[in-house]
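Enquirer: Listed below are the residues making up each chain.
There are 4 protein chains.
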Amino acid sequence: MSDTPSASDLTALRDIVRQFAEERDWQQFHTPKNLAMALSVEVAELVEHFQWLNTGEDHELDDKQRTGIRHELADSLVYLIRLADRVNVDLYDAVIEKMQLNREKYPVEKVKGKSRKYTEY
Amino acid sequence: MSDTPSASDLTALRDIVRQFAEERDWQQFHTPKNLAMALSVEVAELVEHFQWLNTGEDHELDDKQRTGIRHELADSLVYLIRLADRVNVDLYDAVIEKMQLNREKYPVEKVKGKSRKYTEY
Amino acid sequence: MSDTPSASDLTALRDIVRQFAEERDWQQFHTPKNLAMALSVEVAELVEHFQWLNTGEDHELDDKQRTGIRHELADSLVYLIRLADRVNVDLYDAVIEKMQLNREKYPVEKVKGKSRKYTEY
Amino acid sequence: MSDTPSASDLTALRDIVRQFAEERDWQQFHTPKNLAMALSVEVAELVEHFQWLNTGEDHELDDKQRTGIRHELADSLVYLIRLADRVNVDLYDAVIEKMQLNREKYPVEKVKGKSRKYTEY
Numbered sequence: 001m002s003d004t005p006s007a008s009d010l011t012a013l014r015d016i017v018r019q020f021a022e023e024r025d026w027q028q029f030h031t032p033k034n035l036a037m038a039l040s041v042e043v044a045e046l047v048e049h050f051q052w053l054n055t056g057e058d059h060e061l062d063d064k065q066r067t068g069i070r071h072e073l074a075d076s077l078v079y080l081i082r083l084a085d086r087v088n089v090d091l092y093d094a095v096i097e098k099m100q101l102n103r104e105k106y107p108v109e110k111v112k113g114k115s116r117k118y119t120e121y
Numbered sequence: 001m002s003d004t005p006s007a008s009d010l011t012a013l014r015d016i017v018r019q020f021a022e023e024r025d026w027q028q029f030h031t032p033k034n035l036a037m038a039l040s041v042e043v044a045e046l047v048e049h050f051q052w053l054n055t056g057e058d059h060e061l062d063d064k065q066r067t068g069i070r071h072e073l074a075d076s077l078v079y080l081i082r083l084a085d086r087v088n089v090d091l092y093d094a095v096i097e098k099m100q101l102n103r104e105k106y107p108v109e110k111v112k113g114k115s116r117k118y119t120e121y
Numbered sequence: 001m002s003d004t005p006s007a008s009d010l011t012a013l014r015d016i017v018r019q020f021a022e023e024r025d026w027q028q029f030h031t032p033k034n035l036a037m038a039l040s041v042e043v044a045e046l047v048e049h050f051q052w053l054n055t056g057e058d059h060e061l062d063d064k065q066r067t068g069i070r071h072e073l074a075d076s077l078v079y080l081i082r083l084a085d086r087v088n089v090d091l092y093d094a095v096i097e098k099m100q101l102n103r104e105k106y107p108v109e110k111v112k113g114k115s116r117k118y119t120e121y
Numbered sequence: 001m002s003d004t005p006s007a008s009d010l011t012a013l014r015d016i017v018r019q020f021a022e023e024r025d026w027q028q029f030h031t032p033k034n035l036a037m038a039l040s041v042e043v044a045e046l047v048e049h050f051q052w053l054n055t056g057e058d059h060e061l062d063d064k065q066r067t068g069i070r071h072e073l074a075d076s077l078v079y080l081i082r083l084a085d086r087v088n089v090d091l092y093d094a095v096i097e098k099m100q101l102n103r104e105k106y107p108v109e110k111v112k113g114k115s116r117k118y119t120e121y
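Quick mapping for you: the protein sequence lines, in order, are chains Z, H, B and W.
Mapping the first sequence onto my numbering, position 30 (from 1) lands on 30, and the numbers just tick up by one.
Mapping the second sequence onto my numbering, position 75 (from 1) lands on 75, and the numbers just tick up by one.
Mapping the third sequence onto my numbering, position 114 (from 1) lands on 114, and the numbers just tick up by one.
Mapping the fourth sequence onto my numbering, position 48 (from 1) lands on 48, and the numbers just tick up by one.
Please note that a few of the clues may not be correct.
As the list claims (entries may be wrong) - Ranges of calculated distance between the beta carbons of each label pair, as one might list FRET restraints: (1) K105(H) - Q28(Z): 12 to 22 Å; (2) K105(W) - R103(Z): 30 to 40 Å; (3) Q19(Z) - S115(B): 21 to 31 Å; (4) V108(H) - E60(B): 16 to 26 Å.
As the list claims (entries may be wrong) - Computed from the model, here is a short list of chain B residues facing chain H with C-beta under 8 Å: (5) Y106; (6) P107; (7) V108.
FYI, nobody ran anything at the bench for these hints, they're computed from the structure.
Cβ coordinates follow ideal geometry from the N, Cα and C atoms, glycine included.
For reference, chain Z alone in the conformation it holds in the complex (with noise of 0.2 Å):
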């Protein structure tokens, strides 16, 4: 993806993430341990959204809410990605690698429709 930025959309946020931090000289604080924890704050925050709901689906939510679970995915990705480029991953490579595995791990003929092997994995 990196030869590519124009077609990269996940290289274009990196970059403005990564400008946010330095124009605010945060570089200092955002080791990868900091950015890790950062990020596991922002998906509690989105997971709050949730904890009282039955399921979270859309005709659970208000718009009040619909808006604050934008907002905190957006802020959990921005943590994802800066923390990716603290650690030199490309997010796009390493889904592609991870999916293959977890075809390998879960094949469809096992697991189709369980939960429980879902978990039992």
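Knowing the structure of chain Z, use the given hints to seat chains H, B and W on it.
Expert: For chains H, B and W alone, coordinates are given in the frame of chain Z:
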């Protein structure tokens, strides 16, 4: 992004993850609430790699840890993309929008080099 | 509690956990920051048991899951007690104090039976 | 512990937390799954206090942070106790049992002073 999938690797990954779930008939388990929980669990597996390290910089890691971090970053993004898909959020647009709010929330002149400001905002 | 350790199982557990760490010379790794991360990782292992279940009520669990939940609850409490010990917080006193604040924050007449109130507070 | 409630502050706190929920008719929201999510959210609020700090030792904290950490520790224990109550786990017995397993898993002679062993186990 959704109208220009060829230019969007986030959209390409969304489609790969969506197909993976559909082939296994896992949509029934992929409620927004369950996906938010699963995302938080994957992110914790990422955090686990850093919990006893000083900063998590590359020189503190061995190849086994680097691979683990790469895979957990991928799994985290997979669930983040899947959750965004289920709640109809375009992640690229959401991040562009949220980063503008972040620029207003953390003006360079007020927060430059200050983690205290960072945490107190 | 601290003045009546014999009547306090939280104090007894604090001493057991403290000794476990000291025997292994792990105090060096047990900074408040690292312990907070470790606690979040253990809690995620607890969450993992419930992520694909409907409610997590007993009839949805098998013995392997019940044992796993019991062990993750224990590990979570171990790190919570260890962190409280490192930051000099008496957990019993802290909960008594916080529950009084919670009573004032969530008056029965305003929040009875309402999850919306619950989440909006 | 359950046969000597008067000597158990964990049992006393369990009863206080149980009454708090019953008075508000919140048992309907307190499924094990929802409580596990709520616990993870409270723990993340605790983690948030430490994410940009070096170690979180006392000299890095101000009184506002000390109070915040105290309150988040309390809220985390409240949900941990509530969840244990809902899944019928005696936390004192569970920790005593798990610490014995931990002693066998991390023998002093093998892990003393080693975080690497710690993380690799």
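Enquirer: For each hint, tell me whether it holds in the structure or not.
Expert: Do the hints match the structure? See the list:
no.	hint	in the structure
1	K105(H) - Q28(Z): 12 to 22 Å	holds (20 Å)
2	K105(W) - R103(Z): 30 to 40 Å	holds (33 Å)
3	Q19(Z) - S115(B): 21 to 31 Å	violated (41 Å)
4	V108(H) - E60(B): 16 to 26 Å	violated (51 Å)
5	Y106	violated (23 Å)
6	P107	violated (28 Å)
7	V108	violated (27 Å)
Checked against the numbered hints above, the structure violates hints 3, 4, 5, 6 and 7; every other hint is satisfied.
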